[in-house]
Amino acid sequence: MNTNNDNINAETPEVQSNHWNYEVEKVALSDPEGRFSGFYATRRTDTSKCLGVISNRYGIVQNSDLFGQAEDIFDRLNLGERHKKFVITHDGSRAHAIYDFRKLGIVINGKDNLILRLKVQNSFDGSLGASFSVGLFRLICSNGMAAPFGSSVNISKKHTQGISTDFFQSAVEKTVERFTESVPVFNRMANTIITQRHGVNALINMAKRKTISERMAEKIASVWNAPRYKEDSDRTVYNLYNAATQHLTHEVSGKRFDLAERATSGILRTIIDDGLDPKSELYTAEATLN
Numbered sequence: 000m001n002t003n004n005d006n007i008n009a010e011t012p013e014v015q016s017n018h019w020n021y022e023v024e025k026v027a028l029s030d031p032e033g034r035f036s037g038f039y040a041t042r043r044t045d046t047s048k049c050l051g052v053i054s055n056r057y058g059i060v061q062n063s064d065l066f067g068q069a070e071d072i073f074d075r076l077n078l079g080e081r082h083k084k085f086v087i088t089h090d091g092s093r094a095h096a097i098y099d100f101r102k103l104g105i106v107i108n109g110k111d112n113l114i115l116r117l118k119v120q121n122s123f124d125g126s127l128g129a130s131f132s133v134g135l136f137r138l139i140c141s142n143g144m145a146a147p148f149g150s151s152v153n154i155s156k157k158h159t160q161g162i163s164t165d166f167f168q169s170a171v172e173k174t175v176e177r178f179t180e181s182v183p184v185f186n187r188m189a190n191t192i193i194t195q196r197h198g199v200n201a202l203i204n205m206a207k208r209k210t211i212s213e214r215m216a217e218k219i220a221s222v223w224n225a226p227r228y229k230e231d232s233d234r235t236v237y238n239l240y241n242a243a244t245q246h247l248t249h250e251v252s253g254k255r256f257d258l259a260e261r262a263t264s265g266i267l268r269t270i271i272d273d274g275l276d277p278k279s280e281l282y283t284a285e286a287t288l289n
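Reading the sequence shown from the start, the letters are residues 0 to 289 in numbering that gives the first Met the number 0.
Quick caveat, the hints were computed from the structure, so don't treat them as lab data.
Some hints could be false.
Claimed, not checked - Think about it this way: if two alpha-carbon atoms lie no more than 30 angstroms apart in a straight line, the pair counts; the simulated DSS-like pairs of lysine-lysine are:
| # | residue 1 | residue 2 |
| --- | --- | --- |
| 1 | LYS102 | LYS209 |
| 2 | LYS83 | LYS229 |
| 3 | LYS84 | LYS229 |
| 4 | LYS83 | LYS48 |
| 5 | LYS102 | LYS229 |
What the hints assert, rightly or not - Distance windows between CB atoms, simulated:
| # | residue 1 | residue 2 | range |
| --- | --- | --- | --- |
| 6 | THR164 | SER126 | 23 to 29 angstroms |
| 7 | SER54 | GLN195 | 50 to 56 angstroms |
| 8 | ASP165 | ILE59 | 19 to 25 angstroms |
| 9 | ARG177 | LYS209 | 42 to 48 angstroms |
| 10 | ASP64 | ARG34 | 29 to 35 angstroms |
C-beta atoms are modelled at their ideal positions from N, C-alpha and C, and glycine is treated no differently.
Hey, can you work out the whole structure from these sequences and the hints?
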């Protein structure tokens with residue numbers, strides 16, 4: 000995964016908004032001679048903005064249908080009170096609904112509270128299938144965190160088929176059941192002690208692997224070097240990950256939501272695959288930024 004280009008102007012800025020309930024239609028496209036081209040455009044009916052070019056097989060799933068169905072399932076499963084927000088990206092080509100369930104929580108290392116976060120995403124440009132995934136939300140600092148297991152489930156098959164309510168509900172049920180599986184992984188991270196310098200090495204080495212950009216590594220290192228919360232004063236792999244999610248949530252996500260999501264997941268995957276041993280080269284290989 001290459002996220003080396005960290006210029007926030009490289010994409011349309013993300014908008015955290017309640018203006019998610021727009022309709023999208025499919026419009027036939029003509030060739031220069033006025034004949035049907037065989038392709039269609041997806042277009043917002045409120046702004047007339049063209050969102051993408053698609054084939055006839057692509058079926059539009061409206062945000063109101065997808066997110067409404069998700070909330071009906073949450074109610075049916077009695078998941079309790081939820082806080083929600085919507086993030087609209089690429090002029091409405093992609094839409095994300097994020098739900099935090101504050102009564103469904105886990106405790107890491109006996110002191111850090113994380114709650115269940117469920118995310119539903121939709122697109123109108125063919126870039127994403129309608130899908131559902133799980134994450135976590137750190138209460139102390141309002142950080143969004145990735146889950147330490149594969150969690151993304153396509154609810155429809157690239158918009159070519161309708162959404163199966165039974166399948167969607169089954170995916171939610173299984174994900175909630177697996178939420179507690181995060182505890183052993185995060186506890187192991189919290190018990191993996193590293194030095195201050197090893198944390199910086201890890202971030203630089205992640206940049207060299209193109210998991211994150213060099214600029215992002217520098218910004219996360221500044222949080223790691225000066226923890227804002229006393230709970231992050233320990234020098235552990237878990238606290239290093241929290242430094243990353245703090246920067247990504249509060250400094251990146253509001254401008255480039257998709258980038259922040261990819262980077263959060265990429266950092267956690269790197270830690271799980273190569274960072275649960277303090278003697279790993281991820282930490283011990285001395286590295287400097289160019």
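Hints and how they fare:
1. LYS102 x LYS209: Outside the cut-off at roughly 37 angstroms; violated.
2. LYS83 x LYS229: Measuring from Cα to Cα gives roughly 28 angstroms; hence the hint holds.
3. LYS84 x LYS229: With Cα atoms ~28 angstroms apart, LYS84 and LYS229 stay inside 30 angstroms; holds.
4. LYS83 x LYS48: Holds, at about 26 angstroms.
5. LYS102 x LYS229: holds (24 angstroms)
6. THR164 x SER126: 23 to 29 angstroms: holds (24 angstroms)
7. SER54 x GLN195: 50 to 56 angstroms: At 53 angstroms between Cβs, range holds.
8. ASP165 x ILE59: 19 to 25 angstroms: holds (22 angstroms)
9. ARG177 x LYS209: 42 to 48 angstroms: 29 angstroms Cβ-Cβ, so the 42 to 48 angstroms window is violated.
10. ASP64 x ARG34: 29 to 35 angstroms: Given a distance of about 33 angstroms, which is inside 29 to 35 angstroms, the answer is holds.
Consistency note: the structure conflicts with the earlier hints numbered 1, 9.
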